[in-house]
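Order-wise, the sequence lines are chains A and B.
Residue numbers for the first sequence follow the numbering used here, beginning at 1 and rising by one.
Residue numbers for the second sequence follow the numbering used here, beginning at 182 and rising by one.
Keep in mind that the hints were calculated from the coordinates and are not lab data.
Note that CB positions come from ideal geometry on N, CA and C, so glycine has one too.
Possibly wrong hints are sitting among the right ones.
[As the list claims (entries may be wrong)] Residues of chain B clear of chain A, computed beta-carbon distances all greater than 12 Å:
#, residue
1, P397
2, A430
3, R473
[Stated by the list, open to error] So the derived label-pair ranges between C-beta atoms look like this:
#, chain 1, residue 1, chain 2, residue 2, range
4, A, T35, B, S451, 44 to 50 Å
5, A, G70, B, V458, 51 to 57 Å
6, B, T504, A, G33, 53 to 59 Å
7, A, T4, B, R248, 37 to 43 Å
8, A, V94, B, D371, 53 to 59 Å
9, B, V449, A, C137, 41 to 47 Å
10, A, L85, B, H311, 40 to 46 Å
11, A, T4, B, H311, 46 to 52 Å
12, A, T4, B, G509, 30 to 36 Å
13, A, T4, B, V333, 50 to 56 Å
14, A, G55, B, G428, 44 to 50 Å
15, A, G33, B, S451, 55 to 61 Å
16, A, C137, B, T504, 38 to 44 Å
17, B, Q477, A, R13, 54 to 60 Å
[What the hints assert, rightly or not] In the SDA-like style, the derived pairs of lysine to any residue whose C-alpha atoms are separated by at most 25 Å in a straight line are:
#, chain 1, residue 1, chain 2, residue 2
18, B, K323, B, E379
19, A, K43, B, K332
20, A, K43, B, S262
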Amino acid sequence: MHSTIQLNVNGDRRTAGIPAHYTLLETLRYALGLTGSKQGCDKGDCGACTVLLDGAPILSCITPAWEAEGREVRTVEGIAMPGELHALQHAFEVTGGAQCGFCTPGVLMSAYALLSTNGDPSLDDVRDALSGNLCRCTGYTKIYEAVLMAAQALKRDGGGRDPVPGDRDAAVVPAERAAGE
Amino acid sequence: MLRLHEYTYHRPGSVAEAARLLASHPGRARVIAGGTDLMPNMKHGLFTPEHVIALKQIGELHGIEERDGELVIGAAESLASVSRHPVVRAQFASLSQAAGSVAGPQLRNMGTIGGNLCLDTRCTYYNQTHFWRNALGYCLKKDGDVCHVTKVGRKCVAAHSADTAGVLMTLGAVADLESVNGARSVPVVDFFIADGIENTVREWNEIVTRVRIPLPSPRTRTAFQKVRQRGAIDFPLLNIAVVAQLGAALAIEDLRIVVSALGARPRVISGLDKVAVGRPLDEETTEAVAQRAFQQCHPLTNIIVDPDWRRAMVPVHVRRALTELAAGSVTAAE
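Please put together the full structure from these sequences, using the hints given.
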């Protein structure tokens, strides 16, 4: 039996019909078509399904979809600006932080959450923040390098590319409004 | 891909409503808070409740505050918020460390202190997919009648694997429970039983609502040690929680040690009044306490790492914990 769920995903209000036992990850991937978040171990070990719930990283593969109702969900699809990669994505490209890329969406979301609360993280801060994300390719070195590089880039660029969800929306919405007017 | 069975998800607004829902579906409902234990277990077919009753949205299960000489922690507070709370960090360093060392950051944002207390026991032969367990022939804890660990035993020896429970036992914490029949309080030291199938005294229709910890005296020092394969994500292979009351010249007035993650029930190390109380916390006392802990711990092959090695690590980490206490360098988790 399906029920209707309303979710706020990446600033969009989305409605979907899902079975009551669907996880948030299944809802994102199979009801909303947001396949960026990956289904890895599917039991809360690997971190590939990491999304932000009200700004905090959680594992969507073991979160009942209903727990996300009325809360702000942010997935990897929601961190770039239109036509422009987020500083983290750019840094992953430059450093080779993504190899096979399967863990990357989850790693990006954990890193995004870190940079939204800590603009100048140490290597230890980055290691702690990413300790719930498994990567079998990189040995993590390039990933840490990418996150530190992104933090520096964001600090240089100032508030305009600050990865705080609210700020991003504030930065995007006026431009769209201006175009509409 | 691990599919869940079909169930009805309930999100009651109060503990009373949740308790009524739970009581109205005997044997067919389970409560869920963070879901970090129940959801993987349901995906493995270990639990297949028809009704899943959510607790995390219930306001009265939240809040961390000092009240009447106690720190009162709502059962649905996340492990992340417990570990970071300024009073927990300042007064209960071992609790901050233990809560901050559970799994990884995402799981600490989800998992709760009440859920950690009620964590299901774990075993190599239990925490597996239905396919895996079916191939081996099931076990005593779920669907079978033989224990693959002890071969002959009639008692489940799955390991208690919660990080905060041992700490709460040493701190003299009390768990508040509520059901349709009313409320009761159980000291955490009496909360667990030596049966891996259902290792707590919580009745099927009860909900843990609060954990209360008496505020420490200025002489209280705490320490926590955790052994695991990797620095994150893994469940413990061994946990040691220590609370001491230290007088002048490090004279031990009281010492409590709980060793967990070995058997179904965390082990309170006994006889410390004979080898430690009244003596200074020096090398000789530390060694005597470490040997006493070693003698009382007998791990089995219930989790993957060699039990002899896990046993050998008991005195090593008791020594480290006591050395930390003596140095007074107990710091809260980052």
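Legend entry - Hints that the structure is at odds with (numbers, increasing): Per hint list: 4, 11, 12, 19 violated.
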